[in-house]
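Asker: Protein sequence lines, in the order shown, are assigned to chains A and B.
So the first sequence is numbered by the numbering used here: it starts at 1 and just counts up by one.
So the second sequence is numbered by the numbering used here: it starts at 1 and just counts up by one.
Treat each hint with caution, since some may be false.
[What the hints assert, rightly or not] Derived contacts from chain B toward chain A, CB cut-off under 7 Å, selection only: (1) Ile56; (2) Ile207; (3) Ile364.
[What the hints assert, rightly or not] List time: in silico PhoX-like cross-link candidates among lysine-lysine, alpha-carbon distance up to 25 Å: (4) Lys2/A with Lys92/A; (5) Lys92/A with Lys146/A; (6) Lys420/A with Lys92/B; (7) Lys145/B with Lys352/A; (8) Lys25/A with Lys143/A; (9) Lys420/A with Lys145/B; (10) Lys420/A with Lys462/B; (11) Lys142/A with Lys339/A.
The set of hints was computed from the structure by calculation and includes no laboratory data.
C-beta: ideal position from N, C-alpha, C; glycine also.
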Amino acid sequence: MKAIIAATLIGVVLMFTGILVKEKKSAVTIATVLLFLLLGVNVWELVSADVNAPQMYFNNMLRIDSYALWFNTMMTGCTFLYALLVGKEVAKVGTHVADYFALISFILCGIYLLSGYNNMLILFIGIEILSIPQYILAGSDKKNLKSSEASLKYFLMGAFSTGILLMGITLLYGATGSFDIIGFTFLQSAELNPLALAGILFLMVALSFKVSAAPFHIWTPDVYDGTPTPFTAFMATVVKAGAFIAFLRLFSVAFGSLSSHWMMILAIITALTLLIGNITAVFQQSVKRMLAYSSIAQAGFMLFAIIAVNATAWQGMIIYAVAYSVATIGVFAVLMKLKDYTYDGFNGLARKEPALAFFTTIFLLSLAGIPLTGGFMAKFFVLQAAVEQGSLLWLVIFGLLMAAVSAYYYFRVIIAMYFKEGTPELHAEVSGGEKFLLAMTCVLVILIGVAPQLFLNNI
Amino acid sequence: MLLTLLILIPLLAGAVSFAINGNGAKGLALVSSLATLAISGIICDADVTSFSTPWIPRLGTQFSLLGDGMSSMLCLLTGIVMTVVIIAIWNKEVERPGAFYGLMLLSQAGITGVFLAYDALLFYFFWELALIPVYFLCSQWGGEKRIPVTFKFFVYTFVGSLIMLAALIYLSLQSPGADAYSWQNIVRAGSSLPASEQKWLFWMIFIAFAIKMPIFPFHTWQPDAYEQSPTPVTIILSALMVKMGMFAVIRWLLPVVPEGVAFWSDTVITLSIVGIVYASLLAIVQTDIKRLVAYSSIAHMGLMCAAAFANTHSGMHGLMVQMFNHGINITGMWLLVHMVEQRWGTRDMTRLGGMASTAPQMAIALVIISVANVALPLTNGFIGEFMLFNGLFESQSPYHITFMVVAGLGIILGAVYTLNMVQRTAYGNATEMVVAKDLTANEYLGLGVIIALILFLGVYPKPLLELTAGAVNQIIP
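With the rest of the complex left out, here is chain A:
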């Protein structure tokens, strides 16, 4: 709760900062410091929380347990990392730098609600708080047509899926007479009526939209491609993880006992997401677009955690969200230094900037899921959860084959950097400080890979 208040306050403070502080650089600095403060508040709340007694707020509409706090802390940490690595680029997007960070801080507030909601209304509000700032961020490069297109597309699709979400909530209310997600567990499969079943299906579709799972992913590539790159990096990582935690909570806590009814549908969605995300990514020429499809593919793996409905899945979700976010933010941070976003733009990077190429390699290996990196542990956790579930071995094997496909497009970047001739054009010299930050990010990626328990301890 402290974090929710803090995030809101910081958002408001940043909005006023926009009026008072005209210098972009100092706005970024203030925002970064405030985000660090927010991280501090999260840690404070986490440390002071009682592990066994979750806090209830607003007439039990919000139930903040230690898992939620842990997730919030991790995601705030990722956002702080994002501000450090990408903050400078955010300043280049437009004039209202402080406002962008204010929106990011509101998004975090939405995530905090989504990790702890106990009531469908909070779910709805959380999803909206998560989404609306994104529509603005997507269109923040006002003079760029593609950015405006992205914003409009995203808004239309988002509004549409919100409608479906509301419809699902309404149907479930009709079936159960309750908005509390705990209440739904009283629904026994035997007495499950069509109303509730349709409601679950609608919710599944709506949340699949939000996490860009196929076949509801159509908006993703265009939106991610059109959005100014610094914001794509945020949308594809932390925001996506926030949508996933909502998905996981709803389908594990509320509908977990009904899993036999929806599991097959979600399994098919997962398989489609993996297939479409990976196969389409192979054919991309622009690394930015490849990363958009790769984010769809990675969402496919995160869906494993939702299907599995067990304790390992909850662990897997945190590890996956962190490992994927950190590595993707890292790749984007490097991508933004380049003028040319195609694969050819990376040609010969290893000769010009060996350190940069090395860091990118670590991030890409992590995304491909090679041992010693966080990506491996993340994939391992969610796959283990899915195998534990019992009936989904076919999906696991399919997922593994798709992971092998994903190696193809991640390695294409590595091949371009190391084994092809060329001189990549950079926007500016990469400073020592930036290199140090990227190096620390690499260390983090490897730390997740060898000691994942550090990121799970407190649950």
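With chain A fixed as given, assemble chain B onto it according to the hints.
Answerer: Relative to the frame of chain A, chain B by itself:
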């Protein structure tokens, strides 16, 4: 603790090596490999060493290592091969030596880890870890077609390992707990599964190993990859990484799904033997000596794999000995190929000839190592192959005579291509081999160690047999 050092030394030395340039990296690599050689000597001397500490308790996996006879022997092989390679290529100029030797050492760390891991997840970890440095080595310092070729190699092995990972997860979940991934638990879980499940689990695990060894028809990545890699890397691939596959079959397949193995062993032996003949026939028509040696390696691995599935005491014992011997012999072969290429700028047999007159010492080394490669008595190859054949013959399979005969045919073909190669490179007209230096001091030393081992183990194989006897008894009681 010694076992951990065996992995840590090359890992740290490799990481440091990236920062050094010039001869420092070379020296560091040599020191590191000598240190690992010494340590593996100590663990070979000890009976069975083990080390275990919790790693990720939540997943039921531990950082546990075991150095029994088989593991220590393979670690010793790794130490010897790395040292010999670094000495023998001392004069070779590589671009960016820091990165080159760094990656070599990292791959050594991965390979050693595979040989020592006693926990399924740890095993998988090292299994993949060994692959990445080799991928970068091949595609950065390799031949013209290196990029697509090494990528094919990478994708092949990556797919195989991922499927194995699924099988390992499945097995560990049969009895979850704090030691779910320990070797004992995996073996217990696997062998208590019904035969119908073991049958498909067998393939899920075996494909990864079959690709690595490689066994026909999973071998298609291999000749290209061997040809395109720089020779030191080819040596790592064929002397050490291939042994990872063989070792993994013995430790992580045979005891884990015994009924699956019993059901499929005839199929696998048949594939292996087809591979022997097929590879030997292809080797005969090669004119590039590097490709020739590559195919000969497939043939040798085929015989070893066949013996592994024969389920006999002598076959298994022969396999242990042969793993070591093959590693030594093939290292010698590759070093000679490398020296020929360095001196005369070609590997084409039709353009080579007359080495005996221009570089007599090198020709002698070539003859001895080739003879060991065809397993003539008095060389180390003989003991191993004799025991492998013996094991194949004693096998319970109804087709054991057929297996013997066809595999024997492969050996004859092996003599044909190897001796043909010796004849065409060492003797004949010295057309292009006029300007030649004979062996330099470091090459002399490297090949000398190899030849000494060939002759010593050919006459007195007892140390190797004794070292691995315990491991064999454990696998086949």
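Asker: For each hint, tell me whether it holds in the structure or not.
Answerer: How the hints compare with the structure:
no., hint, verdict
1, Ile56, "holds (6 Å)"
2, Ile207, "violated (12 Å)"
3, Ile364, "violated (39 Å)"
4, Lys2/A with Lys92/A, "violated (32 Å)"
5, Lys92/A with Lys146/A, "holds (17 Å)"
6, Lys420/A with Lys92/B, "holds (24 Å)"
7, Lys145/B with Lys352/A, "holds (24 Å)"
8, Lys25/A with Lys143/A, "holds (22 Å)"
9, Lys420/A with Lys145/B, "holds (13 Å)"
10, Lys420/A with Lys462/B, "violated (51 Å)"
11, Lys142/A with Lys339/A, "holds (20 Å)"
Hint compliance for this structure: hints 2, 3, 4, 10 are broken, all remaining hints hold.
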